[in-house]
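Visitor: Below are the chains, spelled out letter by letter.
There are 4 protein chains.
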Amino acid sequence: MPNELRIAVLGVGMMGADHVARITSKIAGARVAVVNDYVVDSAEHLAASIPGCRAVADPLEAIADPEVDAVLLATPGPTHEKQLLACLEHGKPVMCEKPLTTDVETSLAVVKAEAELGKKLIQVGFMRRFDAEYAELKQLIDSGDIGRALVVHCAHRNPAVPPNFDSAMIVKDSLVHEVDVTRFLLDEEITSVQIIKPSANAHAPAGLQDPQVALFATESGRHVDAEVFVTTGVAYEVRTEVVGELGSAMIGLDVGLVRKSAPGVWGGTIAPSFKERFGQAYDTEIQRWVDAVKVGGETGNYIDGPGAWDGYAAAAVCAAGVKSLETGERVAVEMVDRTSI
Amino acid sequence: MPNELRIAVLGVGMMGADHVARITSKIAGARVAVVNDYVVDSAEHLAASIPGCRAVADPLEAIADPEVDAVLLATPGPTHEKQLLACLEHGKPVMCEKPLTTDVETSLAVVKAEAELGKKLIQVGFMRRFDAEYAELKQLIDSGDIGRALVVHCAHRNPAVPPNFDSAMIVKDSLVHEVDVTRFLLDEEITSVQIIKPSANAHAPAGLQDPQVALFATESGRHVDAEVFVTTGVAYEVRTEVVGELGSAMIGLDVGLVRKSAPGVWGGTIAPSFKERFGQAYDTEIQRWVDAVKVGGETGNYIDGPGAWDGYAAAAVCAAGVKSLETGERVAVEMVDRTSI
Amino acid sequence: MPNELRIAVLGVGMMGADHVARITSKIAGARVAVVNDYVVDSAEHLAASIPGCRAVADPLEAIADPEVDAVLLATPGPTHEKQLLACLEHGKPVMCEKPLTTDVETSLAVVKAEAELGKKLIQVGFMRRFDAEYAELKQLIDSGDIGRALVVHCAHRNPAVPPNFDSAMIVKDSLVHEVDVTRFLLDEEITSVQIIKPSANAHAPAGLQDPQVALFATESGRHVDAEVFVTTGVAYEVRTEVVGELGSAMIGLDVGLVRKSAPGVWGGTIAPSFKERFGQAYDTEIQRWVDAVKVGGETGNYIDGPGAWDGYAAAAVCAAGVKSLETGERVAVEMVDRTSI
Amino acid sequence: MPNELRIAVLGVGMMGADHVARITSKIAGARVAVVNDYVVDSAEHLAASIPGCRAVADPLEAIADPEVDAVLLATPGPTHEKQLLACLEHGKPVMCEKPLTTDVETSLAVVKAEAELGKKLIQVGFMRRFDAEYAELKQLIDSGDIGRALVVHCAHRNPAVPPNFDSAMIVKDSLVHEVDVTRFLLDEEITSVQIIKPSANAHAPAGLQDPQVALFATESGRHVDAEVFVTTGVAYEVRTEVVGELGSAMIGLDVGLVRKSAPGVWGGTIAPSFKERFGQAYDTEIQRWVDAVKVGGETGNYIDGPGAWDGYAAAAVCAAGVKSLETGERVAVEMVDRTSI
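Protein chains in written order, with UniProt numbering: chain A, 1 to 341; chain B, 1 to 341; chain C, 1 to 341; chain D, 1 to 341.
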């Protein structure tokens with residue numbers, strides 16, 4: 001690997017453009033060498049603003065480019081499968097924004113393809129694992145200090161969502177983070193999902209089942225509940241509480257930076273969106289990925305974080321969640337045996 | 001009513017003795033005139049320590065005593081039905097510690113007997129309604145400030161329970177408070193209950209299903225979840241969060257009175273038991289009951305708080321909860337139509 | 001003493017009327033038997049609303065009344081000396097709202113008169129000692145848990161003061177509470193006072209030096225600073241932090257009862273006035289005083305709280321404070337040797 | 001300027017080595033090209049671990065090196081004057097860890113030398129200005145939301161200091177941060193300083209006056225008090241409260257990342273040292289300095305933060321503080337008129 005990692009960013013919409021700015025202005029030891037987008041002008045315009053950066057029109061060509069050391073996928077989900085397989089083919093480490101792919105079968109295909117290659121090249125963008133609060137919570141659990149975790153409570157609230165957001169997307173785009181958090185914190189698979197549909201928010205778009213309350217059971221019988229409410233009008237609030245046999249621990253009671261007293265009231269501000277809440281987590285995720293890629297050659301492992309299996313597992317749980325959303329019943333999660341791969 | 005209300009306290013175990021001390025040393029306008037207990041010595045010993053107080057051996061005689069203006073029932077649940085009916089018969093206002101009676105049928109019988117009398121004489125000891133935090137939360141909901149409540153999250157944790165506590169008692173003695181809180185805050189009935197049984201606490205007595213997570217649905221489709229965990233070893237923690245269409249509100253993040261910094265850590269103490277957490281609520285409950293009894297004559301209403309119907313409704317929900325504890329399934333709550341009484 | 005203590009309340013302005021209501025509706029074992037006010041109608045009107053209560057026109061007659069067991073003084077400060085001496089003369093226990101008297105000499109005279117009598121009859125209304133937060137802070141200090149206290153920081157903020165409030169009253173009426181808190185927490189006398197006069201609040205009445213920052217030094221060299229700011233327009237905020245050799249502890253970060261999330265912000269309400277903040281402290285103060293008076297006969301001590309000496313010491317410190325307000329210099333506190341009395 | 005800024009780090013003790021690691025692993029668009037230390041081996045060892053980095057034995061030679069674009073001074077204070085003047089001479093932007101120089105006169109000489117050059121090349125390492133909490137507090141003040149600030153309270157507590165730390169160093173090394181914070185937040189100069197010496201911590205080294213309480217008055221008459229306590233044994237705690245005419249605001253109530261409940265208590269961890277508390281502030285400071293240096297050519301301004309004048313002002317205030325430490329009296333700050341330079 002060169003001293004300065006040359007990254008191709010595929011997809012420069014909101015998320016991808018954010019990563020381009022991040023790599024350019026905040027990340028040590030890396031630069032954006034290539035950008036690509038199906039809106040060609042957009043990519044070219046962006047490339048022009050970054051020293052040493054080119055726009056490449058074809059994503060597969062960008063992946064194959066010999067002057068690209070690693071790939072960051074921020075393209076739409078349906079293109080992921082093909083692009084991930086191309087990365088594997090060219091032996092390029094890839095950071096893939098969620099989802100891994102858009103369904104369980106293709107996710108499993110990607111898992112298998114990487115397994116056959118024998119190198120860990122694919123990292124999935126579950127950035128919460130890099131958030132300082134989640135990281136400390138995980139450490140606390142692993143320390144044994146609060147005993148074995150028995151129950152986890154999550155809340156995930158957005159002030160608003162785009163107009164086209166539907167009830168299944170609440171599962172696949174929002175709840176998916178609680179799926180990964182559960183697997184990360186408890187170190188085991190989720191075996192069943194039930195989605196409860198409370199009386200819907202009158203201020204939500206017609207037909208949107210919001211809020212939803214998801215119930216997970218895990219392999220060893222732990223219980224997780226997760227309220228997802230994406231049209232609160234309030235702020236971006238993410239909270240997780242782990243209740244263990246010797247104590248409990250909570251993160252995400254956002255207290256803001258400044259505590260203010262004003263006539264009759266006190267308090268602080270809450271993060272308006274995931275960008276403020278998890279901005280630092282994204283920075284850490286990308287810096288650590290860049291660092292891991294650079295040392296990966298020796299070990300065959302080019303990732304420092306959740307991989308293809310985690311993307312597949314999340315897809316399997318969300319598929320069960322979408323089914324439960326329809327039936328209201330508890331749905332078993334169907335996954336292959338990890339040791340079979 | 002005389003200027004100083006003469007109260008008979010029936011049952012002077014832990015709870016009753018606490019009420020005797022409260023009325024004697026903290027409540028204005030009332031005194032304990034009579035005490036009764038099936039352990040006669042215990043009642044006589046207590047009576048001797050209070051000026052103007054007598055022990056009466058027979059509870060029904062104590063109720064009928066012409067020098068008793070009102071009754072406080074802290075006797076074991078199985079005796080409540082007979083004692084409540086005696087209070088109605090003699091027209092004596094009565095504060096009845098939960099449960100109203102030990103089953104749904106007898107609870108309904110008491111509701112009907114009081115309805116026939118046409119006077120509201122029976123108050124049930126759901127003290128949380130008098131807690132300053134719950135009262136302010138209720139006010140906030142009623143103000144419309146956080147919009148229509150859609151979801152409620154509760155946690156109810158005890159450090160320990162007596163040795164004979166079984167899984168059904170977690171529903172009937174602990175969860176019953178969340179049942180009443182739900183009905184109080186949301187002003188509607190609970191229509192179904194499901195008890196989820198996570199992997200049990202290894203430090204709990206063998207066979208005790210602890211923790212339990214209860215799910216309530218209400219008439220208009222609101223969702224409530226309540227974690228009840230009675231062997232945490234930690235402290236007495238009671239928390240309720242109401243998530244509304246315009247905002248959310250939480251009570252019970254016990255922060256203690258003093259914020260202390262010590263080597264490496266900061267924090268405060270948590271209430272060790274319900275006595276510290278709800279001591280003030282009990283004081284308020286009894287003072288307001290005493291005040292209400294004194295003015296009751298004019299209105300036929302001698303209570304300022306939850307009444308017999310609330311006791312019946314709680315019994316009906318808990319009965320469904322116990323059934324769900326056995327089956328794991330969602331169980332519909334069976335209640336008569338209130339307008340039929 | 002009779003079973004129900006018969007109290008004469010002298011002065012039924014805002015403070016006195018509040019005490020009358022408190023004794024009547026919240027305190028066990030006592031009743032208001034006599035009320036007095038220089039506005040005779042006001043006293044008579046109030047008396048008529050309370051069973052068994054009379055208005056007595058002459059305060060000294062009220063004190064002497066054989067059907068009065070104890071006296072609560074809520075009269076203007078300039079009348080205190082004469083009324084306190086009358087209480088001593090008739091051997092009546094008296095709860096005296098601050099100040100003890102209006103100057104250091106007469107305060108000392110009262111201290112000496114009580115000392116000669118050999119009975120502790122006078123309690124001074126420093127209610128903060130009965131506040132649960134201050135009581136726990138005192139316990140924490142006394143436990144040794146945070147080591148020897150070296151520095152204390154206080155803030156005392158009022159939203160507004162009456163129009164006639166002048167700069168010296170900020171010392172004598174507001175800062176006096178921090179004087180007593182300091183003596184209570186640190187268990188020693190204050191030896192010097194300096195008042196710092198920052199740039200004044202533009203929203204305060206012209207000529208009012210507000211805020212003020214007071215610096216106290218104590219006998220053993222501890223340092224206390226107290227910001228007093230009585231025209232904040234915000235709320236009633238009282239905070240005390242004790243910094244010890246092994247840790248620190250803070251009270252008064254008013255967090256309210258409910259934590260609310262609303263668009264963009266979270267927080268709670270702050271107590272609007274001392275009545276909400278210290279209402280419970282007043283209740284406790286009066287209940288414990290009533291209880292102490294009843295058992296006082298045996299011991300000659302009819303008080304449970306700060307006494308005449310504490311009133312005198314506060315007067316001496318405030319006198320030095322007023323002098324410093326004029327000069328800006330540090331002023332030594334002049335007090336007699338306690339053992340000389 | 002080249003695309004990747006080539007920095008010489010002078011002094012690679014704890015602070016300098018930290019900056020070398022930071023630039024290498026966290027900062028975009030810069031690399032450490034040269035390191036220097038009077039312990040030559042130490043510099044050579046470090047250089048060997050960083051691709052493209054050389055050790056240069058003579059600091060002035062390192063500054064003059066044509067392949068060095070900017071300098072970071074982490075050398076001992078007594079060498080700063082000569083090194084800063086060399087930076088000015090070679091037109092090299094320089095980030096100078098505090099102090100600017102070790103006395104007021106030489107600090108002024110540096111200010112004048114830079115002024116004569118007509119380019120802003122010198123930034124001083126007051127990192128708190130880049131801390132997210134201080135930045136938001138500053139914004140809040142500037143927004144007018146809490147009105148004009150009248151009083152500021154600061155606390156600055158360290159768990160421990162090195163053995164050679166003396167009472168004057170508490171002023172010059174610790175309190176200096178509150179000096180800069182005051183000037184930053186209030187946008188005016190400090191005109192007098194008084195150091196109060198409370199009874200000293202028995203656990204501090206013999207002869208160390210710890211804690212100290214500093215009082216500042218500013219040009220327009222605002223009051224600042226700052227408790228500095230460097231042997232608390234507790235943690236690294238930095239708190240600032242600004243009391244304004246319309247409200248107040250506080251930062252630094254360190255709540256940790258995780259809120260934990262354990263038997264009887266709740267709470268979180270506190271940052272053990274300034275590295276954890278201000279790590280992010282250092283990162284932001286250096287990244288923004290690197291970015292500013294790169295665009296500086298066009299404007300003659302190569303800094304984004306406090307400059308030489310701020311270093312001089314801090315020196316002048318600290319000199320007055322050290323004098324007050326000796327006399328106990330209020331000491332006027334002597335500074336030249338800024339417009340005269």
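Keep in mind the hints are simulated off the structure, nothing from the lab.
Hints may contain errors.
Identical copies look the same in the list; a pair holds intra-copy or inter-copy alike.
Okay, derived cross-link-like pairs now, DSBU-like style, lysine-lysine, Cα gap no bigger than 30 Å in a straight line [to be verified]:
| id | residue 1 | residue 2 |
| --- | --- | --- |
| 1 | 197 | 26 |
| 2 | 197 | 294 |
| 3 | 112 | 275 |
| 4 | 294 | 26 |
| 5 | 323 | 26 |
| 6 | 26 | 119 |
| 7 | 138 | 82 |
Visitor: Taking the hints in turn, state whether each one holds.
Guide: For each hint, the structure was consulted:
1. 197 with 26: neither (42 Å within a copy, 45 Å between copies)
2. 197 with 294: neither (46 Å within a copy, 47 Å between copies)
3. 112 with 275: neither (33 Å within a copy, 44 Å between copies)
4. 294 with 26: Classified as both; 17 Å inside a copy, 14 Å across copies.
5. 323 with 26: neither (41 Å within a copy, 44 Å between copies)
6. 26 with 119: Both, since 28 Å and 27 Å are each at most 30 Å.
7. 138 with 82: Answer is neither: 34 Å inside a copy and 49 Å across each miss the 30 Å cutoff.
Hints 1, 2, 3, 5 and 7 from the list above are not met by this structure, while the remaining hints are.
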